[in-house]
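Colleague: Could you build the full structure based on these sequences and the hints that come with them?
Residue numbers (the numbering used here), protein chains in the order written: chain D, 74 to 347; chain Z, -14 to 346.
These aren't lab readings, by the way, just hints derived from the structure by calculation.
Among the clues, some could well be false.
[Said to hold, decoys possible] Listed next, the stretches of chain D that the computed footprint assigns to chain Z, with coverage defined by at least 3 CB atoms under 8 Å from CB atoms of chain Z:
| no. | segment |
| --- | --- |
| 1 | 140 to 147 |
| 2 | 150 to 159 |
| 3 | 165 to 176 |
| 4 | 223 to 233 |
[As the list claims (entries may be wrong)] Which residues of chain Z face chain D? A partial, calculated answer using Cβ under 10 Å:
| no. | residue |
| --- | --- |
| 5 | 175 |
| 6 | 185 |
| 7 | 189 |
[Unchecked claim] Not close to chain Z: a few residues of chain D, all C-beta gaps over 10 Å, as computed:
| no. | residue |
| --- | --- |
| 8 | 90 |
| 9 | 95 |
| 10 | 112 |
| 11 | 126 |
| 12 | 257 |
| 13 | 273 |
| 14 | 304 |
In this text, a Cβ means the ideal position worked out from N, Cα and C, and glycines have one as well.
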Amino acid sequence: MSALLVGESVCKYFGGLRAVDDVSFTLGEGEILGLIGPNGAGKTTLFSVAAGSVPATRGRVLLDGKQVSGKSGHRSVHQGICRTHQIVRPFARLSVLDNVLVGHHYGRPGPGHGRPVDHAMGILDFIGLADRAHQLPGELTLAGRKRLEVARALATGPRVLLLDEVVAGLTPVEAQRFVELIRQIRDRGTSIVMIEHVMHAVMGVSDRVMVLDHGRQIAEGTPEQVVKHPQVIEAYLGRDDDEPNDHDEPTHGDGPMGAGDPASGQHAKEKPDA
Amino acid sequence: MTTTAQSRRVRLPGWLSMRALIIFVVALVLLYLAPTVLGLGDYLHNIAGLTFMFMAAGLAWNWLGGYVGQISFGHAAMFGTGGFVAARLTISSGLPFWATWLIGGVVAGLYALLWGHPTLRLRGPYFSIATIGVGEATRLVATYWTDFTGGSSGLSLPIGNGPTKFQMYWYGLYLLAAVVVISYWLRRSRIGLGLLAIKEDVEAASDVGVNPTFYQDVVLFLSGTVVGVCGGFYASYQAFIDPLDMFSFERSISFVLIGVIGGIGTILGPAMGAVVYIVIQEFLLASYPQLYLGLYGLLLIFVILFEPLGLSGLLMRVGRRFGIRPSPSAAAGGMSSAAAVPDQPTASVGAGSTDTKDGPR
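Modeller: Right under this line is the structure:
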């Protein structure tokens, strides 16, 4: 498998905070890479670096051998890498169709460029929003707006799509449909990196999973390997106090971040960590 | 009409609809012939010419204020720059008047880029505050730069080699026509869609490939250039300009007022706003000058409280009474794009103030 997207020891520091610390990764053509980790692990920061909207402190990201410019997001879109946002950001006063057309007009030139509306409607049809094309994003449900976010990104003709928690916050039925959609997007030829807190979603659809904790990569492998990895279990569930541990270095000041059901990670944000 | 329009639409670029073209040409011809047919009095005739200029300036201000959502309180800086460059050129060179306007406009546009490139990174009120600073700084420099602007005694233009005040009506009309075409194109082409995206969410726009810096710079340059040309027009029209008037804060505010009264972000709203502005300025304030600020203040409050889309919003309401439904994005203060509408004539109704104007007829 040829590597399409490569991260070479990517670091992103905010002052003394090491949001992403020496993370390397590869994404093959037609692969889905899951990116998990407790809240504050640096997943979204890694996304921002990979999408070129934030420059890396050290290291670099290569798309097809060419470095992704860290100066502004729009350049990497033209290179073929597009991201969605955890909190959806549709253009509120543009119709659903116009939202997608923005992506079409300003994205990577590709097939179907002669007929913008047809192309955009085709994407909306694929994503399941065709009958809503002339509504405003505010009239859609959350699931609809998340679909719109993905549709708009798809319209830019990306080779790599970075999905930031598209399943989180949806009902189980909607989530299941979305997972199916992600698989279909991959089958259409777009490689995907997805951040996700909903475990069964990310485990079910990913070819490989990478786990971040405190900006460091702690595990990588198939979903089965990763869930059994002791450090991953520790990062999510914390250490058992009764268990004698020989490496008690309080370096990270591990609190019970994201403790309990990993799927409840969203809620953990709102609760102050006691 | 739909069928004929569709069969002929093939020849038109995507952003131009047949109906808009017909309205535009008819309006242009009517306005061109109006003075000869109606025989307007000298005063009305001259005021109409000035109104055309204010319409053009308001539309150009709206490209930045309405399309990109960056409200500028400093456009007098470009108005004055264009006016004084044009005036200096008229005095010292033998260039035809239209060339002096154009050169003045381009210089003003470049000046806008000079301060705009760094300040356009700011958004919303922060950008607006920066423009106030730019406008005031420019005014002070211009007032003390007596070699160029003549200081507080101003500049008098030689009379005789320029157009007469009577001819200015038509030059104003040409200027307005050109600006209307650019407004329409900017709004309805794919560029307009990108500008709306920037207005809605800069970062999200950047994340789908729109280059916000580039497009904002281009729009500010265009806007500054046209306002500069308007300054040149004004210099020729008045035959005397002084920096205190050209660069005044009131001048900047007038562009904002025209845009807001007419309907910010709409295609023709500022043109309507300019008429209201001139009527108030010439017919009410001439009699009651002490009302100046109070009246504009009240007007702004009313517009913002009750009809944020100004006169255009009012027209859309009237249109709805007559059963014309604007597209959802237009009703929400956005505007449907050209690319979206040509295939769906029903959805395009009310896509611009040109269309809604049909309602009451």
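Colleague: Taking the hints in turn, state whether each one holds.
Modeller: Comparing the hints with the structure gives:
no.: 1; hint: 140 to 147; result: holds (count 3)
no.: 2; hint: 150 to 159; result: holds (count 5)
no.: 3; hint: 165 to 176; result: holds (count 9)
no.: 4; hint: 223 to 233; result: holds (count 4)
no.: 5; hint: 175; result: holds, 4 Å
no.: 6; hint: 185; result: holds, 4 Å
no.: 7; hint: 189; result: holds, 4 Å
no.: 8; hint: 90; result: holds, 21 Å
no.: 9; hint: 95; result: holds, 26 Å
no.: 10; hint: 112; result: holds, 22 Å
no.: 11; hint: 126; result: violated, 7 Å
no.: 12; hint: 257; result: holds, 21 Å
no.: 13; hint: 273; result: holds, 28 Å
no.: 14; hint: 304; result: holds, 33 Å
Hint check: a violation occurs at hint 11 only; the rest are consistent with the structure.
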